[in-house]
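Below are the chains, spelled out letter by letter.
There are 2 protein chains.
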Amino acid sequence: MDSINIKDIARICGVGVSTVSRAINNHPDINPETKNMIMQAIKEHNYIPNNSARNLKRTDSKAIAVLIKGISNPFFSKMIRVFEEEIQKKKYLFIMQRVDASEDEVDVALELIKEKKPRGIVFLGGFFSHSREKLEQLTVPFVLSTIGMTDSLEESSSYSWVSVDDFAESYKMTDYLCKLGHKRILILAATQDDESIGRLRLEGYKKALVDNGIEPDEELCVFSEVGRDCYTMDYGFMSMSRILREKKVDFTAVYAISDSIAIGACKAITECGGKIPEDYSVAGFDGLDIAHYYNPTLTTIRQPVEEMAESTIKILFDVIRGKAGHQKRVFKGELVEGESTRSV
Amino acid sequence: MDSINIKDIARICGVGVSTVSRAINNHPDINPETKNMIMQAIKEHNYIPNNSARNLKRTDSKAIAVLIKGISNPFFSKMIRVFEEEIQKKKYLFIMQRVDASEDEVDVALELIKEKKPRGIVFLGGFFSHSREKLEQLTVPFVLSTIGMTDSLEESSSYSWVSVDDFAESYKMTDYLCKLGHKRILILAATQDDESIGRLRLEGYKKALVDNGIEPDEELCVFSEVGRDCYTMDYGFMSMSRILREKKVDFTAVYAISDSIAIGACKAITECGGKIPEDYSVAGFDGLDIAHYYNPTLTTIRQPVEEMAESTIKILFDVIRGKAGHQKRVFKGELVEGESTRSV
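Protein chains in written order, with numbering that gives the first Met the number 0: chain A, 0 to 343; chain B, 0 to 343.
Note that these hints are calculated values from the structure, not bench results.
Glycine included, C-beta positions come from ideal geometry on N, C-alpha and C.
Not one of these hints is a red herring.
Simulated restraints, written as ranges between beta carbons of each label pair:
1. A:Lys133 x B:Lys113: 37 to 45 Å
2. B:Gly13 x A:Ile3: 30 to 38 Å
3. A:Asp164 x B:Lys246: 44 to 52 Å
4. B:Lys88 x A:Lys90: 26 to 34 Å
5. A:Arg227 x B:Lys331: 26 to 34 Å
6. A:Arg244 x B:Lys246: 43 to 51 Å
7. B:Ala323 x A:Lys113: 27 to 35 Å
8. B:Glu135 x A:Arg10: 44 to 52 Å
9. B:Glu114 x A:Gly273: 50 to 58 Å
Could you build the full structure based on these sequences and the hints that come with them?
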């Protein structure tokens with residue numbers, strides 16, 4: 000008798016061949032009971048998928064892959080810690096994969112799915128402007144965590160999304176500085192061509208200025224070099240040092256789009272003999288622990304990082320386990336007043 | 000004809016059954032050519048290991064697992080970033096696993112090896128006082144990175160070790176403070192029962208005092224509560240605030256065994272109206288980026304974190320690929336003078 004094949008298993012179980020294939024390949028899109036039944040039949044009938052070499056190479060660990068753009072951003076360190084903790088609680092492996100700024104994260108994810116078969120994916124950081132067609136190639140559930148995206152994608156129900164409203168939170172901070180009496184607010188932004196949260200925060204800043212009767216001045220918009228990791232103390236320090244040295248623009252407040260940038264800017268101001276907040280008010284964004292411990296304490300927008308990270312994993316597992324559909328969750332940031340800003 | 004079995008494969012290849020098993024199970028302890036030959040024979044003769052269900056569950060990803068004790072230590076964030084980058088370059092998966100302070104990292108590793116079959120393991124942080132017998136159960140190559148250990152283990156050639164000399168570097172910092180004229184140097188140490196780098200740094204501090212003719216004063220040795228994550232700004236802040244409030248001890252310098260602790264201490268001093276370094280000199284350990292950007296810049300021991308992390312991965316892959324045996328590498332720290340210390 001010829002050995003049993005995939006069609007026999009499908010016939011025995013009363014399902015289609017593709018369903019058996021999904022069971023064997025641990026595709027998430029299969030009813031767990033059906034899968035159990037199929038695996039049982041495979042075992043009982045001693046069916047062996049025909050490419051044994053491929054089979055030996057199969058990776059079938061229960062794993063969640065986290066793809067990170069901007070791995071040096073300390074804000075992500077805390078997210079990653081919570082991800083790891085939550086994923087470990089679920090007894091899944093935590094696979095961490097860095098994506099370079101120039102790489103396409105969906106291509107990286109497609110490769111990873113093919114090779115490693117994670118049960119779910121978290122995209123952390125970066126920007127999503129991929130077409131719907133491209134995203135539909137992603138055959139495992141995924142959540143976009145603190146990622147900017149194009150409006151057209153926001154309505155899709157084929158994935159989840161967790162973030163603060165970067166535009167609104169940035170508006171809030173800029174409006175706060177305006178209400179303190181600042182009219183010349185310099186922004187340390189991301190790159191000029193940024194399409195991610197950097198752009199959203201810049202737009203929130205501009206809108207708040209306009210609503211406070213201040214015309215945005217392009218000279219006060221400082222951008223990072225393209226291709227450079229910009230959410231860093233180094234960027235804040237270097238650009239603020241240059242500005243203070245050149246003395247081309249006047250300003251009374253600096254709004255940095257991340258706390259790391261703000262701390263670098265504080266250092267540059269202090270090194271030049273300036274005082275914070277007497278000479279310059281400085282504000283950041285993120286709410287890192289160091290914002291509280293810095294000297295002076297930094298005025299910032301605190302993102303609820305633990306809750307956002309926990310929510311990311313909860314949503315992902317709800318989808319994996321079929322408990323709920325995809326969700327969009329927008330968290331509220333909190334404006335924390337530090338000693339680094341004052342009214343003028 | 001009966002189907003081919005593992006003995007047949009062994010006979011065909013002229014190797015033992017256990018070697019075939021090692022090839023199938025991706026055991027690291029096999030010559031790559033032998034393994035290739037065996038896998039080829041398996042494919043040609045359509046041999047299927049007899050437990051197909053187990054086979055379907057096999058995890059055979061090429062992965063390196065990194066087990067971390069003290070995941071909230073920012074020093075490790077940078078190590079992890081470099082690990083991820085280097086492991087990705089080798090086209091291996093990066094599996095991150097946190098180990099709680101109360102957990103036995105070797106037990107966690109044994110479980111991980113059984114379930115996930117990583118090709119190599121990095122232990123990051125914590126302390127190794129495991130018996131040689133226990134370590135010998137670890138069947139995949141491993142490297143201890145920035146980990147304290149008992150002397151008896153140091154001579155073992157069954158694993159690699161990468162670190163600075165915590166005793167010597169701590170001695171260097173304390174000696175520096177003594178040479179600045181400080182005689183009352185308070186140390187913010189780890190827990191009292193610490194057996195890891197915390198103990199080594201404390202011992203280096205005591206030895207330097209003695210060599211400078213200063214009797215170590217137990218009142219100046221401040222310990223963290225047991226079970227608490229102590230390499231944190233929070234610990235530095237809370238303990239320094241308490242000390243300044245109680246006013247029980249006199250001191251002119253504070254040596255914190257990590258930069259995070261030092262920054263917390265600086266914040267407490269500043270909040271109490273103290274000036275650094277006028278009222279108190281403060282020194283740290285690690286050489287985090289923030290030590291440079293803090294206000295004032297922090298005197299610290301800079302560990303060559305990138306090199307240490309790169310070396311960890313290089314050594315691990317050399318062992319995995321049979322290019323070299325296990326190595327012990329001790330890196331040199333650098334005393335970086337900041338604005339936070341002065342001579343008295």
